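If you read the sequences in order, they're chains E and V.
First residue of the first sequence: 1, per this note's numbering; consecutive thereafter.
First residue of the second sequence: 1, per this note's numbering; consecutive thereafter.
Be careful, since some hints might not be right.
As the list claims (entries may be wrong) - Residues of chain V clear of chain E, computed beta-carbon distances all greater than 12 angstroms:
{"no.": "1", "residue": "G46"}
{"no.": "2", "residue": "S67"}
{"no.": "3", "residue": "G237"}
{"no.": "4", "residue": "A307"}
{"no.": "5", "residue": "S315"}
{"no.": "6", "residue": "A321"}
Claimed, not checked - Using C-beta positions, here's what the derived DEER-type ranges look like:
{"no.": "7", "chain 1": "V", "residue 1": "T327", "chain 2": "E", "residue 2": "Y86", "range": "24 to 32 angstroms"}
{"no.": "8", "chain 1": "V", "residue 1": "G251", "chain 2": "E", "residue 2": "K14", "range": "30 to 38 angstroms"}
{"no.": "9", "chain 1": "V", "residue 1": "G39", "chain 2": "E", "residue 2": "A69", "range": "23 to 31 angstroms"}
Unchecked claim - Distance condition first, Cα-Cα at most 30 angstroms in a straight line; then the derived DSSO-like pairs of lysine-lysine:
{"no.": "10", "chain 1": "V", "residue 1": "K265", "chain 2": "E", "residue 2": "K100"}
{"no.": "11", "chain 1": "V", "residue 1": "K363", "chain 2": "E", "residue 2": "K78"}
{"no.": "12", "chain 1": "E", "residue 1": "K165", "chain 2": "E", "residue 2": "K139"}
{"no.": "13", "chain 1": "V", "residue 1": "K265", "chain 2": "V", "residue 2": "K290"}
{"no.": "14", "chain 1": "V", "residue 1": "K363", "chain 2": "E", "residue 2": "K139"}
{"no.": "15", "chain 1": "V", "residue 1": "K290", "chain 2": "V", "residue 2": "K35"}
To be clear, the hints were calculated from the coordinates, so they are not data collected in a lab.
Quick caveat: nothing in here was measured; it's all calculated off a predicted structure.
Even glycine gets a Cβ: it sits at the ideal position worked out from N, Cα and C.
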Amino acid sequence: MLEIKNLHVAIGGKEILKGLNLSIGVGEVHAIMGPNGSGKSTLSYVLAGRAGYDITEGSISYNGEDLGALAPEIRAAKGVFLAMQYPVEIPGVTTMMFLKTALNSQRRARGETDLDAVGVLKLVRAKAKTLNVSEEMLKRALNVGFSGGEKKRLEILQMALFEPKLAILDETDSGLDIDALKLVAEGVNALRDPSRAMLVITHYQRLLDYIVPDRIHVLAGGKIVAEGGKELALELEAKGYEHIVKEPA
Amino acid sequence: MSLAVATRKAGAAAIFGSHGVPHRRVEEWKYSDLKSALGEAGIGTGQALWQAGTLLDGVELFDLSKSNPPDWVQKHFGVADRNIMGSASLSLSDGGVALRVAKAVLAPLKLAFDGNGHVRGLLVLEAGSSLTLVESVGIADFRNVGFEIVLGESASLEHVRISPESGDAVLVEEASLRIAAGGRYRGHFAGFGSKLSRMELEIALEGEGAEAHLSGVAVLDGKRHSDVTTHVIHRHGNTTSTQRFKHVAGGNSKAVYQGKVTVAKGANGSDSNQSAKALLLGENAEADLKPELEIFADDVKCAHGAAVGDLDAESLFYLRARGIPETEARGLLLQAFLEDAVAEIASTDQRELVRTEMLTALKRVA
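This is chain E alone, in the form it adopts within the complex (with noise of 0.2 angstroms):
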C-alpha cells in the first residue's frame, strides 16, 4: 500500500529525512519510534503533503500512485489520513461545521453525492459517542480551547468519520494521561481493518502497550536505523535510544 524508497526531504534547504525506505502493506499497523529531532513529524507531514516540506530524491508511492505529486486534499480523499501532533485551533468555524464540509468534500473528490445536515448529524453522532466527544465540544469553535485530550479525541473521531485507508499517528499521545491515552488507543484499535494500513509514530514506547504494532521501525537522523517486531519497542524502553542509534543524530 505505502512503499518509501530512499526518501530525501528538505525543509528550507536543510535536509531532514536522508534516504528512508518503509513498506506497510494493505491492513499492517506499523509504528516509528525516534529520539526528538529524528525526522518523524517531517515524515508525517510529508506524506500528508504539507507546503515547504520539499522531497529533493526518492519517492513515495501510494497504491501505486506518486503521492508526492498530490495536493493535501486529493490525498485526503484518497483516503490518506494524518492525526496531528498539534491540532490546529479555528476561532469562527464550528467543529460540526468543518466535520460536514471536509467530509463532504472527500465524497464529492470521490465522485459520490454529500451527504445532507442530518446524514452527516447522525454519522458524527454514533462515532462520538464512542469517543466521548460530547455535543457542546461539537458546537465549539474547531479546537479552540479543547484540552490535550479533547484535541486528540476529535482527531481520532475524524479519523473514524473518514475511514481512511492509510492513518497516519503522528505522536498521539503526546500531552496525554493514562485515561486519556486508553481511550484513545480504544479508538484507534477500533479502526483497525484488514483493508487499513495504519503508522504510528511515536517517542515513548507507552503508546505501544495499547496499540499494539505489527512492526517496529527506529528512525534517528533522517534514516531507519534500526527494524523488529513489537519486542523492539521493550528493548528500546530498557536501554534507550542510544544503545540502537549508533550514529549521532
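Could you slot chain V onto chain E? The hints should help.
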C-alpha cells in the same frame, strides 16, 4: 430656518471655506485622497436624496427642506459638526431628513441615502427610547452625507450600515454622535468598497455609563477602497467604548481604519478597547491601520491592537489535509477571520444580512 440654525450653517461654511476639499496632505485624509478621487468635478453643490421606510409607531419625521422646523430639530440640527466634510454638507445642503424616536421601537427602521450631492440626516432618540436603524447606501458619482445622532439618557440605538460594492462611486459620510448618561450605541459598518468610500464617526460619550460599541468588516477586491475613521471621546467618567474591525483586502484594493480614542480630563474610570486587523491577499493590496490614544485622565483602562497579516499557513494545511480544497479552505478561513466582527451585530436578521453580503464578496476575493 431659525436664526440659530442659520448661524450654525454660516459657521460651517467658514470651516469648509478655510480648508477646502481634503487631500492626502491633510493628516486625517492621508489614506483617502478625496480631492484627487473627485478630480475637476469637485464636490459640487447638488442636493442628494433620502428615503425612509415605513414610519413606525413612536417615530416622527421632519423633511429638512421644509420650513418651520419643530423645536427638537432647531435644538439639535447642525450642532455637532466641526470636521471638514461635515461642515461642507451642513453649509451646502438644504435638505435631508430628521427623525425623532420617543419610545422603544421594535421593528427596524430603514433609511437610504441616494443620488449625487450633499444631504443631512438627524436622528434624535429621546430618553429611554430604542431603535434599530438599517442604513443603506445608494450608488452615485459623488455623495456626502452629514448625519447627527443624539441619544438621550438610557436611549439605545443599534445602527447597521451596509455600503455595497459601488464601482467608481465616491461616497463619504460623517456621523456625529452625542450619547447621554446610560445611553448605548452599537454601530456596525460593512463596506465592500468603491473608488473611494469613507465612513467617519465622531462619538462623544457625555454622561455616566454611556457606551459605544463599534464594529465592521470590509471585503475588497480590484481597485476598491474603503475607509472607516473613528474618533471616540470619553468626555465623562465611567464610560465604555469598544471597537472591533476586520478587513480583507485582495487585488489592488486598499482598506483603511483610523481609530482615535480621547479620554478627557477627569473622565476617570473610562474603559476603551480597540482592535483592528487586516488580511492582505495580494502583493498589491494595502491595509492602513492607525489606532491612536489620547489620554488626559488618570484612572482609565485603554487597550488597542492592530495587526496586518496573511492567512495562517498551518490552518490552511489542516483544512486541506482533511480534504477541503484550497479555494474553499481559504474562503472558510476568511469567513472565520471576519466572523467575530459580524458577531457584534445584536440583531439576528441584520447579522444574517451582513453575513450574506460578506460571503458574496468573499467569493470574488478568495
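### Query
Can you list which hints this structure breaks, lowest number first?
Violated hints: 5, 6, 9, 10; rest satisfied.
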